[in-house]
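Quick mapping for you: the protein sequence lines, in order, are chains A and B. Residue numbers for the first sequence follow the working numbering, beginning at 1339 and rising by one. Residue numbers for the second sequence follow the working numbering, beginning at 6 and rising by one.
Misleading hints may appear alongside valid ones.
What the simulated footprint calls covered on chain B by chain A, stretch by stretch (three residues with Cβ under 8 Å from a Cβ of chain A suffice, anywhere in the stretch; the number is not a length) [claimed, not checked]:
id, region
1, 16-24
2, 48-62
3, 138-152
4, 161-169
5, 175-183
6, 188-202
Far from chain B, by Cβ distances over 12 Å, these chain A residues were calculated [stated by the list, open to error]:
id, residue
7, D1364
8, K1410
9, N1492
10, D1630
Because the hints were derived from the structure by calculation, they are not lab data. The C-beta atom is built at its ideal place from N, Cα and C for all residues, glycine as well.
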Amino acid sequence: MDILRFITAGSVDDGKSTLIGRLLYDSKSIFQDQLEAIERAGQVNGQINLALLTDGLKAEREQGITIDVAYKYFSTPKRKFIIADAPGHVQYTRNMVTGASNSDLAIILIDARKGVIEQTYRHSYIVSLLRLPYVVVCVNKMDLVDFSEEVFLNIQKQYLEFAKDLDLKSIHFLPISALNGDNVVEPSNSMPWWKGKSLLNFLEEIEIHTEEESPAPRFPVQNVIRPQTPEYHDYRGYAGQIRSGLFTVGDSITVLPSGLTSKIKAIDSYDGPLNTAYSPMSVTIRLEDEIDVSRGDMLVVTGKEPVVTQDLEAHICWMDQKVMAPGSKYLLRQTTNAVKVSVRSLEYRVETSTHEKTEQPNLGLNEIGKVTLRAAKPVAYDPYSKIRGTGSFILVDEGTNQTVAAGMLL
Amino acid sequence: MTSTHRLSHLDQLESEAIYILREVAAQFERPALLFSGGKDSICLVHLALKAFRPGKFPFPLVHIDTGHNFDEALRFRDNLAEKIGEKLIVRYVQDSIDQGKAVEEKGKFPSRNAIQAVTLLDTIAEFKFDACIGGARRDEEKARAKERIFSVRDEFGSWDPKLQRPELWNIYNGKIHIGENVRVFPISNWTELDVWEYIRKEKIDLPSLYFSHQREIVWREELVFPVSKFISLDNTDKVETRTVRFRTVGDMTCTAAVESEANSVDDIIREIQISRTTERGSRLDDKRSEAAMEDRKKGGYF
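Using the sequences and the hints given, assemble the complete structure.
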């Protein structure tokens, strides 16, 4: 069994929480005591309010909106699912980015009565920027448009027109009613014209391969394990999680950014030595030579080195009330590495609903733009489009300690 | 890389948890692992062995003992700490009560659950812990489903669900101001079933409480409660002996048993797969109000 992580996005009242509630309910993943709790809380239009399953905070239940990401879990005999139920409000875009950054697939909900709206553009743009491999556009509330195929096809056409400028590899469409359960887990009797799968079938069967076929081996060092006990007197292991590719004992290794070289002497795990290890395994690697390696360094297979430079170009989503202006300094955290950077320039800001790029003096909360950064030390990375695990970063404001931006290196 | 180079869901979850534990070791000066002797924290200890051996743990195990724990869980706790040779620190809620810092609840169902936070915050201050690793899972409860893996708490230990840091990819930001601390939940993405399947796969030992046994019980609000010196019985209570086990182990005052014949991990997994109630359905502390867990977390509970 494997894991599929997906996010649900869409505007407020498009029915995201209801859809998740329906997926859990119809796949029999809701427990009796949870059901009783939401039944006690009251009904909407004569039906239990499935949205209450995910809106876990008091303030969310009071206002009937989703403020922060809720993670929900369910599994079928084929797969374990982790759902990030993300908020739809513009002011909580950063929380939507949080949910999307850990997902393999996005479900974008569209209200059949409203069609493609600004939030659909915004969320699709973010999904494209974060390079989620799959998008499933669910046209919801089909019951409110008489289950009309024409309405569905029009929305599909409208979305594809907009999406042709985006970098979305695979887009699927589904007509559903989350409230009634049409095409969510069970096929719908009300839409005989629809010959496709239900949403759950689709999620169960989609092939997950999020990175390129033979990615370059990347191992950012997290900790150095040195027991210094009599038994392990000379033991010096580099602990970390393989971000991409595969490592084998005997591989020639280059340490970045220093450029020192050695060979893999052993790959250790608590369960014993391994001959090969691959992404996303957490292991401990030992090298043949005693060379300087510490947290933040990256071990790569010699001949398959990434980019190493102090000058970085990236797309960023700004997440703080305090605006980002050129000249500001931040702490950049990429893999296990932390390095000071200054913002050299803001090349442009993107209007997410029109893709228009405009010159601006700064970047504000929930805005997206392209920047150039200068790092205090060389940074080893791959473009985000090649390897998400080494091409992504966050910026931390060292005054407030807040995470102020999500970045994707070019 | 071929399709054979793909991890099962349990291996993926394990690798993620090891990565998180190692991030705690790297990003904090004085972390601690909150260890109660329950199945989730036992799994955390097992994951820490995988993350740091052949080295020592870069943190002590810390137990906030309410004084209402099951003897079996305490014995298990002490034996495990000794077996792996790691440091165990125990602090007592009774001491906080004796010092007048915490006030015991009154009534028929007194629980020390809420005042556990007082002792925890004092312990954090005593040792200047900047990170506390806990075995909480997001599937347990709806407020937990909202919480980040690195959850920043203010100087009062308080969680503000509206002001959580964005948490992007697997890049965790553990930077805090003096006085603040971070609660870290490496098994956030595990479900109850994942934990049990992991226990089976790794052959992890558990306290006998989790397996079917005979016990004196009383019925409380349709739940099966263990008879102990900590609960007050009156003439409306009828003591019976039943075959039970515990799905979750907290205080004897707030943890209900379930009637069960399951006495092996395989049996338990089969039982959970067909169960129609959540694990927390047997916790009286969560049934107190719609937002019981959220309120406790705002008060510094882990």
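Here is how each hint holds up against the structure:
no. : hint    : result
1   : 16-24   : holds (count 8)
2   : 48-62   : holds (count 8)
3   : 138-152 : holds (count 8)
4   : 161-169 : holds (count 3)
5   : 175-183 : holds (count 6)
6   : 188-202 : holds (count 5)
7   : D1364   : 15 Å, holds
8   : K1410   : 6 Å, violated
9   : N1492   : 36 Å, holds
10  : D1630   : 17 Å, holds
This entry does not satisfy hint 8, going by the numbered hints stated previously; all others are met.
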